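Full structure from sequences and hints, please.
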Amino acid sequence: MLISGFVHMNCTTEGWSDVFPPYDDACGFADDDEEETETTYFSNFKQVYTAGYATSLVSLISAVFVFTVFRKFRCTRNYIHINLFFSFILRASAVFIKDVVLFSDENLDHCFMSTPACKSAVAFFQFSILANYFWLLVEGMYLQTLLALTFVFQKKYFWWYILIGWGLPTIIISTWILTRNFYDNRGCWDDTDVAFIWWIIKAPITASLLVNFIIFINVIRILVQKLRSPGVGGNDTSHFNRRLAKSTLLLIPLFGMHYMVFAFLPENTGAEARIFIELGLGSFQGFVVALLYCFLNGEVQAELKKRFWKWQTQSYLSLSKRRRTPFTESSTVTQISVLDKSSPKDQQSSETRALTANNVSTV
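Taken in order, the sequence shown gives residues 1 to 363; the numbers are from UniProt numbering.
Calculated from the structure, these hints are not laboratory results.
Here the structure is a predicted model, which means the values were calculated and not measured.
Heads up, a few of these hints could be off.
The list that follows gives simulated cross-link-like pairs (lysine-lysine, DSBU-like), each with its CA atoms no further than 35 Å apart [unchecked claim]:
| # | residue 1 | residue 2 |
| --- | --- | --- |
| 1 | Lys321 | Lys72 |
| 2 | Lys72 | Lys46 |
| 3 | Lys321 | Lys306 |
| 4 | Lys155 | Lys310 |
| 5 | Lys246 | Lys310 |
| 6 | Lys321 | Lys156 |
| 7 | Lys46 | Lys156 |
| 8 | Lys155 | Lys226 |
| 9 | Lys202 | Lys156 |
| 10 | Lys306 | Lys72 |
| 11 | Lys46 | Lys246 |
| 12 | Lys321 | Lys226 |
| 13 | Lys305 | Lys72 |
| 14 | Lys72 | Lys226 |
| 15 | Lys246 | Lys156 |
| 16 | Lys306 | Lys226 |
| 17 | Lys305 | Lys155 |
| 18 | Lys246 | Lys226 |
| 19 | Lys246 | Lys72 |
| 20 | Lys321 | Lys310 |
| 21 | Lys155 | Lys306 |
| 22 | Lys310 | Lys72 |
| 23 | Lys246 | Lys202 |
| 24 | Lys202 | Lys72 |
| 25 | Lys72 | Lys156 |
| 26 | Lys155 | Lys246 |
| 27 | Lys156 | Lys306 |
| 28 | Lys119 | Lys46 |
| 29 | Lys155 | Lys202 |
Structure representation (structure tokens):
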């Protein structure tokens, strides 16, 4: 569609004035310097979130390995952690896949691409985000249940958690794919132009964040009550404040509270700050969660130290066995031959000493 308009130049005593409005504004051309600066910024920022997601991916896979290999850690709490870790792994993988499919060729304009591959990549990316938010919600629900209802048998709720964490995102993304396919099958489905289609994904995410925020406040309230009890040292104000601050900081990445900053704002509000929080900080969230809830866990550290010590001992014994020399073996044979040649009286005394030694060791 063509839009007509006018540009003006004034004839003055000093000659013709500059064109108003400028050609860049009137015709929609971007300034090359500004465009180059913006491209450099996003290119550098892409390196940051790529490093963040790669770090998260490695740490999360390692955490899943620890929780699944060691039998000691097989419980409902860690099963929920494993599913949360898997949702972060999916999110990091989806970002890498989307970048490869949409941005691998700089000559292609992804805004005008419309291939099954790019649509699938975007759909998988949206599913991973939904799953990640809903597993953050499950973690919040589980923690509140654990604190509020001490004697509840948590295992019977586990399949409900699975249904919320994986089932609801599957239903939502299926609805979004069908709606997008029939009503707005343009491009790679990575735009948010049609509001009601975008809100199929946006509304559940916003609702999960709102519920998680309420749970977060309630969990902090329960923690305050528990920390103020005399048995936990509630009379010491400085100790109480330190423990409360530590607990709150630990809960922020687990509940995804940093996403609340832009949860209820329009998509075009604070674009650069939104990208920094959701991609910059969000890319390292998986690493922080794996660190806090696996590698800094006292039980995990104790078990890893025990396994490492056992492996180190076995390696040392195996190495010592391999390092036995022919001289050692020959000296052993010599000792046996000497005993054979000794007198019966000497043999009897040596047997007596051996029996005495055995009795002492038994005592």
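Each hint, compared with the structure:
Taken as a hint, the Lys321 and Lys72 pair is honoured in the structure, with Cα atoms around 32 Å apart against an allowance of 35 Å. Straight-line distance between C-alpha atoms of Lys72 and Lys46 comes to about 39 Å, which puts the hinted pair past the 35 Å bound. Restraint check for Lys321 and Lys306: the C-alpha separation of about 23 Å stays at or below 35 Å, so the hint holds. Using a Cα cut-off of 35 Å, the hinted pair Lys155 and Lys310 holds, with the two alpha carbons roughly 32 Å apart.
With a C-alpha separation of about 33 Å, the suggested pairing of Lys246 with Lys310 holds against the 35 Å cut-off. Distance restraint check for Lys321 and Lys156: the Cα-Cα separation of roughly 51 Å exceeds the 35 Å cut-off, and the hinted pair is therefore not satisfied. At most 35 Å may separate the alpha-carbon atoms for a hinted pair to count; Lys46 and Lys156 exceed this at roughly 43 Å. Of the supplied pair hints, the one linking Lys155 and Lys226 holds, its CA atoms being roughly 24 Å apart against a limit of 35 Å.
Our distance criterion of 35 Å between C-alpha atoms is met by Lys202 and Lys156, whose separation comes to about 31 Å. Pair hint Lys306 plus Lys72 holds up; C-alpha atoms about 13 Å apart against a cutoff of 35 Å. This hinted pair checks out: Lys46 and Lys246 have alpha carbons roughly 31 Å apart, not beyond 35 Å. Between the alpha carbons of Lys321 and Lys226 the distance comes to roughly 55 Å, so the proposed pair goes past 35 Å and is violated.
Of the supplied pair hints, the one linking Lys305 and Lys72 holds, its CA atoms being roughly 14 Å apart against a limit of 35 Å. Only pairs whose Cα atoms come within 35 Å are accepted, and Lys72 paired with Lys226 is accepted, the gap being roughly 28 Å. Restraint check for Lys246 and Lys156: satisfied, since their Cα atoms lie roughly 31 Å apart, inside the 35 Å limit. For the proposed pair Lys306 and Lys226, the alpha carbon gap of about 32 Å is at most 35 Å, so the pair holds.
Annotation: proposed proximity of Lys305 to Lys155 holds, straight-line Cα distance about 29 Å (limit 35 Å). For the given pair, Lys246 sits about 14 Å from Lys226 by alpha-carbon distance, which is consistent with the 35 Å threshold. Between Lys246 and Lys72 the CA atoms are separated by roughly 26 Å; this keeps the pair inside 35 Å, and the hint holds. Of the pairs offered as hints, the one joining Lys321 and Lys310 holds, with about 17 Å between alpha carbons and a cut-off of 35 Å not exceeded.
The straight-line distance between the Cα atoms of Lys155 and Lys306 is roughly 28 Å, inside the 35 Å bound, and the hint therefore holds. Under the criterion of a C-alpha separation no larger than 35 Å, the hint pairing Lys310 with Lys72 is consistent with the structure, at around 16 Å. With a C-alpha separation of about 31 Å, the suggested pairing of Lys246 with Lys202 holds against the 35 Å cut-off. Between Lys202 and Lys72 the CA atoms are separated by roughly 39 Å; this puts the pair beyond 35 Å, and the hint is violated.
For the suggested pair Lys72 and Lys156, the alpha carbons sit about 20 Å apart, so the restraint of at most 35 Å is met. Among the hinted pairs, Lys155 with Lys246 is consistent with the structure: their alpha-carbon atoms are about 28 Å apart, no more than 35 Å. About 32 Å separates the Cα atoms of Lys156 and Lys306, which keeps this hinted pair within 35 Å; it holds. Of the supplied pair hints, the one linking Lys119 and Lys46 holds, its CA atoms being roughly 21 Å apart against a limit of 35 Å.
The straight-line distance between the Cα atoms of Lys155 and Lys202 is roughly 31 Å, inside the 35 Å bound, and the hint therefore holds.
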